[in-house]
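> Work out the full structure, taking the sequences as your base and the hints as a guide.
The primary structure of each chain is shown beneath.
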Amino acid sequence: MAFKPDINLLAAAMDRVIPPVDDLAGAGGMGLAEVVVEKSQADDRFWDALSTVLNALASSNEFLANSGDAQEDALRSVESLQPVAFNLWLDVVYTIYYMQPEVHRRLSWHGRPPQPDGNVMPPWDESVLDVTRQREPFWRQV
Amino acid sequence: MTNADHNPKRTAEVLIVGAGASGAAVAASLAEDGFDVVCIEQGHWQDASKFPTVKPDYELRAMSSWSINPNKRKLPEDYPVNNDDSAIEPVMFNGVGGSTILWAAHTPRLHPSDFRVKTLDGVADDWPISYEDLEPWYDLNDHVMGCAGIAGDPANPPRSERPMTPIPLGKDGEMLAGAFDRLGWHWWPSDNYVNSTRYGEGRDACNFCGHNMMGCYQRAKSSTDLNYWPRAVDHGAELVTGARVREITTDSSGRATGVNYQDAEGNDQHQAARAVVMAANGVGTPRLLLMSKSENHPNGLANSSGMVGKNLMFHVYAGVTGIFPDHEGEWVGPAANMILSQEFYETDPGRDFVRGYSYQTGRGQGPGSTARGGSPRVPWGADHHAQMQRRFRNTVGLGVIGDDLPEQHNSVSLDPNLTDNSGLPAPKITYTVSDNSRALLDHALIQGQKVLEEAGADEIMVNRFSREAGWHLMGTARMGDDPERSVVDSNGQSHDIDNLFIVDGSVFVTGGAVNPTPTIQAIALRTADYITNEREDLKA
Chain A
1 MAFKPDINLL
11 AAAMDRVIPP
21 VDDLAGAGGM
31 GLAEVVVEKS
41 QADDRFWDAL
51 STVLNALASS
61 NEFLANSGDA
71 QEDALRSVES
81 LQPVAFNLWL
91 DVVYTIYYMQ
101 PEVHRRLSWH
111 GRPPQPDGNV
121 MPPWDESVLD
131 VTRQREPFWR
141 QV
Chain B
143 MTNADHNPKR
153 TAEVLIVGAG
163 ASGAAVAASL
173 AEDGFDVVCI
183 EQGHWQDASK
193 FPTVKPDYEL
203 RAMSSWSINP
213 NKRKLPEDYP
223 VNNDDSAIEP
233 VMFNGVGGST
243 ILWAAHTPRL
253 HPSDFRVKTL
263 DGVADDWPIS
273 YEDLEPWYDL
283 NDHVMGCAGI
293 AGDPANPPRS
303 ERPMTPIPLG
313 KDGEMLAGAF
323 DRLGWHWWPS
333 DNYVNSTRYG
343 EGRDACNFCG
353 HNMMGCYQRA
363 KSSTDLNYWP
373 RAVDHGAELV
383 TGARVREITT
393 DSSGRATGVN
403 YQDAEGNDQH
413 QAARAVVMAA
423 NGVGTPRLLL
433 MSKSENHPNG
443 LANSSGMVGK
453 NLMFHVYAGV
463 TGIFPDHEGE
473 WVGPAANMIL
483 SQEFYETDPG
493 RDFVRGYSYQ
503 TGRGQGPGST
513 ARGGSPRVPW
523 GADHHAQMQR
533 RFRNTVGLGV
543 IGDDLPEQHN
553 SVSLDPNLTD
563 NSGLPAPKIT
573 YTVSDNSRAL
583 LDHALIQGQK
593 VLEEAGADEI
603 MVNRFSREAG
613 WHLMGTARMG
623 DDPERSVVDS
633 NGQSHDIDNL
643 FIVDGSVFVT
653 GGAVNPTPTI
663 QAIALRTADY
673 ITNEREDLKA
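Going down the list, the sequences are from chains A and B. Sequential numbering from 1 applies to the first sequence in the numbering used here. Sequential numbering from 143 applies to the second sequence in the numbering used here.
A portion of the hints provided could be inaccurate.
Unchecked claim - Residues of chain B placed beyond 10 Å of chain A at every Cβ, according to the derived structure: (1) K151; (2) V265; (3) S302; (4) E343; (5) H377; (6) D640.
What the hints assert, rightly or not - When the alpha-carbon atoms are kept at most 30 Å apart in a straight line, the in silico DSBU-like pairs for lysine-lysine are as follows: (7) B:K197 / B:K435; (8) B:K435 / A:K4; (9) B:K214 / A:K4; (10) A:K4 / B:K216.
Stated by the list, open to error - Listing some non-contacts, in silico: residues in chain B with all C-beta distances to chain A over 12 Å: (11) N145; (12) S207; (13) E316; (14) D376; (15) G384; (16) R493; (17) G565; (18) D631; (19) N675; (20) A682.
If you're looking for bench data, these hints aren't it; they were derived computationally from the structure. What you are looking at is a predicted structure, and each value in this text was computed from that prediction instead of being measured. The beta-carbon is built from N, C-alpha and C at its ideal position, and this holds for glycine as well.
Written out as structure tokens, the structure reads:
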């Protein structure tokens with residue numbers, strides 16, 4: 001049967017790995033579970049990792065109804081039993097979370113893509129070589 | 143020219159397989175010398191305006207469709223690689239420009255001692271050529287590719303003036319340089335094939351975007367689609383893209399006659415040629431040679447020595463990363479390298495390993511990459527935000543690139559089950575890390591921590607080994623004077639087949655402890671000049 005992600009379960013797990021901070025909701029509360037599903041559908045590896053993690057959480061007793069500590073225990077168990085899938089899923093969650101403008105603002109970072117604007121290259125300052133260029137050549141003669 | 147203009151029915155004088163670092167160099171050189179050149183490339187031209195660094199999800203794309211790892215990228219032009227029995231995963235890019243599209247463009251040279259490790263240290267083998275033999279082509283390549291750097295490095299022989307001044311070190315680089323200075327250890331600004339000023343046709347200076355590993359939108363990072371290929375095409379070379387070579391064909395005497403390939407429309411074609419030059423990298427070249435077995439060549443082409451696919455070298459990588467609270471580094475500038483330290487490059491009898499390593503310094507990462515970390519990642523859970531705040535823009539690292547001496551059991555072979563999307567056997571990598579490499583890395587990690595401590599790091603994270611770091615594919619069709627122990631001679635010409643040449647990293651005898659591309663390209667240019675000067679018989 002085709003895997004169909006449980007968005008509520010995913011959002012709860014995401015809130016546990018990246019919890020709320022300051023005035024920001026957790027990664028799940030920010031509505032990023034749907035983004036994780038969408039992006040994971042574009043890559044078999046991501047999709048397999050998502051399904052492995054969610055299936056494992058779904059099989060643990062009532063993840064959604066559990067306390068925060070119990071949810072964390074459940075996630076640690078998946079991390080221990082399915083490390084490859086868990087770590088890839090976590091990489092996807094992290095990366096999508098850190099694509100968000102509100103997260104960038106909290107980090108006091110401009111948040112724009114590297115290109116096309118780039119930055120300003122400072123001038124080359126040759127004085128940085130003052131010490132290292134005093135060293136005698138030491139390459140090995142053959 | 144376009145693929146539609148190509149007529150595979152004619153006989154080329156020189157047919158090149160692969161349009162990357164070495165294929166481009168040999169194509170331009172031979173075309174300029176009047177040879178009729180055809181190149182077959184399985185990938186395509188790249189449109190710089192479509193590189194992912196202009197998109198908000200660029201860090202996610204780096205994990206998927208723009209991954210350095212073909213097993214993750216999975217583009218139609220990629221072939222899968224079986225890494226199940228390898229400690230290191232090879233990474234590469236298939237397209238015009240090859241891996242120079244996704245490379246760091248960090249371009250140091252081998253040392254003279256790297257060519258004489260058997261004589262000096264009693265290990266591996268000497269090359270049949272010396273540093274001095276290659277030097278003129280190193281210089282030529284530096285000018286074509288465009289090298290930013292400065293002469294005078296005391297760890298290397300004197301070299302000619304670099305075409306451009308170095309890329310500025312920035313705040314992170316100056317901090318590390320100061321630490322090296324206080325320890326009395328060597329460092330020098332890295333040679334980079336990244337423009338510090340306008341250089342080359344239509345190529346601007348670097349705009350310090352901070353993330354040029356995923357293709358350079360600015361065309362400031364050099365790649366062979368920007369320099370060698372335009373020159374080659376201007377001189378009549380034909381570059382056929384989206385075409386996958388199935389085998390090198392031979393006649394009854396065993397000489398190469400061309401290649402069989404599948405064109406972009408999926409049609410089987412034969413391209414005849416008077417000579418074949420392999421430039422498909424240290425995995426792709428042995429794969430094709432092994433796939434080209436025939437009655438005359440039952441163990442694969444050019445393989446009477448049995449050395450095709452053997453002696454695979456990658457370089458071993460590890461690293462240390464320091465956290466410098468409140469540092470607020472810029473995370474700008476070419477991703478590659480600010481400075482290079484070769485304090486521990488050469489053999490020291492007092493250590494428990496031979497040969498040595500270089501330190502390379504990176505320039506920080508975006509937020510997603512910082513969180514994913516790797517040495518280790520920022521923890522998930524209640525402490526996540528505090529740890530992320532502590533690390534983002536506050537980490538500076540030293541990468542270690544270690545000499546990886548050749549061992550026959552480290553190899554590329556044909557996988558009996560896995561195939562590419564053309565049904566051709568995928569390469570299988572068998573590779574273990576030697577005791578010498580492990581000892582070398584352990585030494586490097588201890589010394590590297592001293593540098594970061596001297597620089598004022600509050601905490602140091604150690605990455606003992608990098609698995610997805612097989613950038614440098616070397617040794618699998620090595621050169622030598624003895625046909626029983628090597629595949630090609632000092633000119634890159636097959637010992638077995640006098641009209642078959644190899645010009646990629648396959649021909650390396652040893653790998654040194656530096657990025658290999660300038661050496662690969664210098665070898666390719668030297669082989670091209672040999673063909674021009676000594677093999678007039680290959681002209682129609």
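> Each hint: holds or not?
Taking the hints in turn, this is what the structure says about them:
The beta carbon of K151 of chain B sits about 40 Å from the closest Cβ of chain A, which is more than 10 Å, so the claim that it is off the interface holds. Residue-level check passed: V265 of chain B sits 15 Å from the nearest beta carbon of chain A, beyond 10 Å. In this structure S302 of chain B is separated from chain A by more than 10 Å, as the shortest Cβ-Cβ distance comes to about 16 Å. Every CB of chain A lies more than 10 Å from the CB of E343 of chain B, the least distance being 20 Å, so the non-interface label holds.
Listed as outside the interface, H377 of chain B is consistent with that label: its C-beta sits roughly 32 Å from the nearest C-beta of chain A, beyond the 10 Å cut-off. With 10 Å as the threshold on Cβ separation, the claim that D640 of chain B sits away from chain A holds: the shortest Cβ distance comes to roughly 31 Å. For the hint pairing K197 of chain B with K435 of chain B, the CA-to-CA distance comes to about 45 Å; that exceeds 30 Å, so the pair is violated. For the hint linking K435 of chain B to K4 of chain A, the alpha-carbon distance of about 47 Å lies beyond 30 Å, and the restraint is violated.
Proximity of K214 of chain B to K4 of chain A is assessed by CA-CA distance (about 23 Å); at most 30 Å being required, the pair is judged to hold. Only pairs whose Cα atoms come within 30 Å are accepted, and K4 of chain A paired with K216 of chain B is accepted, the gap being roughly 24 Å. Distance to chain A confirms N145 of chain B as a non-interface residue, since its nearest Cβ pair spans about 29 Å, more than 12 Å. Not every C-beta of chain A lies more than 12 Å from that of S207 of chain B, the closest at about 8 Å, which undercuts listing it as non-interface.
Not every beta carbon of chain A lies more than 12 Å from that of E316 of chain B, the smallest distance being close to 6 Å; the non-interface claim is violated. At the 12 Å boundary, the C-beta of D376 of chain B stays outside the reach of chain A, the nearest C-beta of that chain being 28 Å off. Non-interface call for G384 of chain B relative to chain A: holds, since the shortest CB-CB distance, roughly 23 Å, exceeds 12 Å. Interface exclusion of R493 of chain B from chain A stands, the closest Cβ pair being 15 Å apart, more than 12 Å.
Every CB of chain A lies more than 12 Å from the CB of G565 of chain B, the least distance being 20 Å, so the non-interface label holds. Listed as outside the interface, D631 of chain B is consistent with that label: its C-beta sits roughly 21 Å from the nearest C-beta of chain A, beyond the 12 Å cut-off. In this structure N675 of chain B is separated from chain A by more than 12 Å, as the shortest Cβ-Cβ distance comes to about 26 Å. Distance check for A682 of chain B against chain A: the nearest CB is about 42 Å away, which clears 12 Å, and the non-interface claim stands.
Hints 7, 8, 12, 13 from the list above are not met by this structure, while the remaining hints are.
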